[in-house]
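**Student:** Given only the sequences and the hints, what does the whole structure look like? Please build it.
Respectively, the protein sequence lines represent chains A and B.
Residue numbering for the first sequence is 1 to 304, as defined by my numbering.
Residue numbering for the second sequence is 1 to 304, as defined by my numbering.
Calculated directly from the structure, the hints in this document are not laboratory data.
Wrong hints could be hidden among the right ones.
Copies of the same chain look alike in the list, so a pair counts if it fits in one copy or across any two.
Derived lysine-lysine pairs resembling DSSO-like cross-links, with alpha carbons at most 27 Å apart [said to hold, decoys possible]: (1) K303 <-> K21; (2) K151 <-> K194; (3) K194 <-> K156; (4) K303 <-> K156; (5) K294 <-> K62; (6) K53 <-> K109; (7) K156 <-> K171; (8) K272 <-> K184; (9) K151 <-> K222; (10) K171 <-> K151.
Number of protein chains: 2
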Amino acid sequence: MDDSEVYLTDVTGRDGFQMEKDWIETEDKLLILQGIFNAGIKRIEATSFVSSKSIPQLKDAKEVVGNLKNEEITVAALVPNVKGAENALESGVDEINFVLSISETHNRKNVNHTVRESLEEVYSIQKLINSPQTVLNVSLGTTFGCPFEGKYNVSKVCSIMEQLINNGIDKVTLADTTGMANPKKIRHYITTLKEVFPHVQLSLHLHNTRGMGLVNLLAGYKAGVRHFDASLGGIGGCPFAPGATGNVCLEDIVHMFMEMEIPIEHSINLQKLINTSKKLERILGYQLAGQVMKAGTAGEVIKN
Amino acid sequence: MDDSEVYLTDVTGRDGFQMEKDWIETEDKLLILQGIFNAGIKRIEATSFVSSKSIPQLKDAKEVVGNLKNEEITVAALVPNVKGAENALESGVDEINFVLSISETHNRKNVNHTVRESLEEVYSIQKLINSPQTVLNVSLGTTFGCPFEGKYNVSKVCSIMEQLINNGIDKVTLADTTGMANPKKIRHYITTLKEVFPHVQLSLHLHNTRGMGLVNLLAGYKAGVRHFDASLGGIGGCPFAPGATGNVCLEDIVHMFMEMEIPIEHSINLQKLINTSKKLERILGYQLAGQVMKAGTAGEVIKN
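**Tutor:** Shown next as structure tokens:
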């Protein structure tokens with residue numbers, strides 16, 4: 001196993017905030033995202049460029065991106081279609097993360113397109129991007145199974161990835177939208193996909209829906225994945241996937257990697273991350289799923 | 001890696017109930033433990049024989065054991081001293097699980113003994129047991145670190161295990177009382193201990209304090225451990241260890257092993273286990289940490 005560094009993308013601003021029904025003030029959103037950045041996380045998926053009718057919480061997408069941007073940070077945004085990509089590019093994002101689902105049923109519910117239509121959208125977005133500095137990543141929702149269509153074989157994922165790669169996409173995120181993966185499946189998928197598509201940068205976007213968030217993440221790491229999404233306190237889910245609970249928790253992952261002495265890109269200040277998570281908990285007004293924010297790190301010793 | 005079966009011990013009745021401040025009726029306790037047994041878990045640590053002054057919740061230990069016992073079930077009970085062992089034997093338990101902590105500070109707080117005194121207690125208990133049917137297991141609390149003394153090396157565990165083994169103990173549970181382990185540490189500990197003590201039956205008792213319950217469990221499995229403790233809904237903790245949160249969740253473990261096609265001893269009915277967990281949630285009156293009980297299994301498909 002190679003000991004290359006792990007790259008973490010915070011998705012609190014997008015996958016986290018999109019699930020919150022009560023309006024979060026833009027300045028509170030920025031406070032949290034800046035806190036995450038100040039703790040050492042340099043790649044932040046800050047928002048989605050979607051219809052404000054479908055996700056009103058993210059109607060301040062342009063403002064969030066505009067205020068967050070600085071030279072040290074990579075700001076990404078999720079987009080479901082060409083319209084979203086145009087708005088994202090206009091706002092000045094560094095990376096566009098286009099989402100489509102492996103499952104027809106989920107893709108229809110999530111972005112109101114067939115998978116074929118979504119593929120056409122992504123090719124149009126490629127043409128829109130005319131700066132070599134702007135990265136295009138494609139996230140494959142329900143990669144490890146769909147709550148409506150059930151489980152399917154990795155060949156279904158291969159078939160869609162092949163089409164993307166033939167069109168020049170080289171960064172793909174495998175999203176376990178409703179936590180249907182397990183360590184054995186992760187290993188099988190990653191091993192297969194790395195063998196079939198050796199030049200693609202694979203990321204994992206995992207949810208803790210069935211308690212397997214961290215164990216799946218470590219299985220992905222052991223199979224060679226080095227790019228992971230996570231959210232502060234483990235908030236989030238998918239508004240169009242019943243039963244979807246939070247993302248894997250950013251500070252719990254950082255804590256695990258630090259305890260295991262697995263190197264992470266950039267130096268991360270775990271205590272700052274935990275403090276930001278506590279701040280987020282106060283803003284949201286309910287207990288977050290993160291465990292390290294409650295228990296403290298394994299390195300803390302209680303004085304008698 | 002060998003594909004031998006996994007053995008699960010439910011500790012809801014002991015490690016779970018001991019943390020509950022409000023009195024749980026004995027018949028409710030039995031309802032839950034019978035439900036766990038009916039779902040296919042045949043080894044149950046049902047209670048502790050401790051002073052009812054220190055843990056009033058378990059003052060019905062004798063009644064619980066008496067009512068639970070039948071030919072198909074192995075009923076275990078935790079004991080902290082000779083007095084507890086005498087009471088446990090009198091009640092007719094199949095197995096005595098003696099607890100002592102690796103850490104002097106925690107052992108003092110937990111059972112009010114030095115480690116040396118606890119070792120003397122266990123040797124006296126050995127002499128008490130005069131039926132070959134009654135099993136003696138020793139649980140080593142704070143094996144992977146202590147909230148008061150911090151982290152320590154596996155050699156500290158080796159030294160205590162050596163004394164136990166020289167006195168004929170051949171079943172030892174490594175307890176991560178406050179969730180200080182990580183997968184790397186688990187692997188290092190298990191590999192070392194299996195090499196030094198090849199004839200000891202090692203069990204793992206893990207807590208999810210820092211979110212690593214399942215990932216540590218799988219690391220233990222991969223290192224060759226086949227015996228694991230767990231509690232329904234992930235309830236429990238240690239009343240004398242600050243920051244200790246719940247055990248690894250029984251039904252989430254069963255779900256993970258089933259999804260990974262890892263064989264478990266006896267045929268377990270996961271749905272019955274989940275139903276019992278929901279019953280427990282109603283009895284306790286707060287939301288339990290279990291994830292599968294909320295999301296359903298990964299095999300469930302939602303009809304459109």
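**Student:** Now tell me, hint by hint, if it's right for this structure.
**Tutor:** Comparing the hints with the structure gives:
no.: 1; hint: K303 <-> K21; in the structure: between (41 Å within a copy, 26 Å between copies)
no.: 2; hint: K151 <-> K194; in the structure: within (21 Å within a copy, 38 Å between copies)
no.: 3; hint: K194 <-> K156; in the structure: within (15 Å within a copy, 42 Å between copies)
no.: 4; hint: K303 <-> K156; in the structure: between (55 Å within a copy, 21 Å between copies)
no.: 5; hint: K294 <-> K62; in the structure: neither (34 Å within a copy, 35 Å between copies)
no.: 6; hint: K53 <-> K109; in the structure: within (15 Å within a copy, 57 Å between copies)
no.: 7; hint: K156 <-> K171; in the structure: within (18 Å within a copy, 47 Å between copies)
no.: 8; hint: K272 <-> K184; in the structure: between (34 Å within a copy, 25 Å between copies)
no.: 9; hint: K151 <-> K222; in the structure: both (23 Å within a copy, 25 Å between copies)
no.: 10; hint: K171 <-> K151; in the structure: within (24 Å within a copy, 40 Å between copies)
The structure fails to meet hint 5 from the earlier list, while all remaining hints are met.
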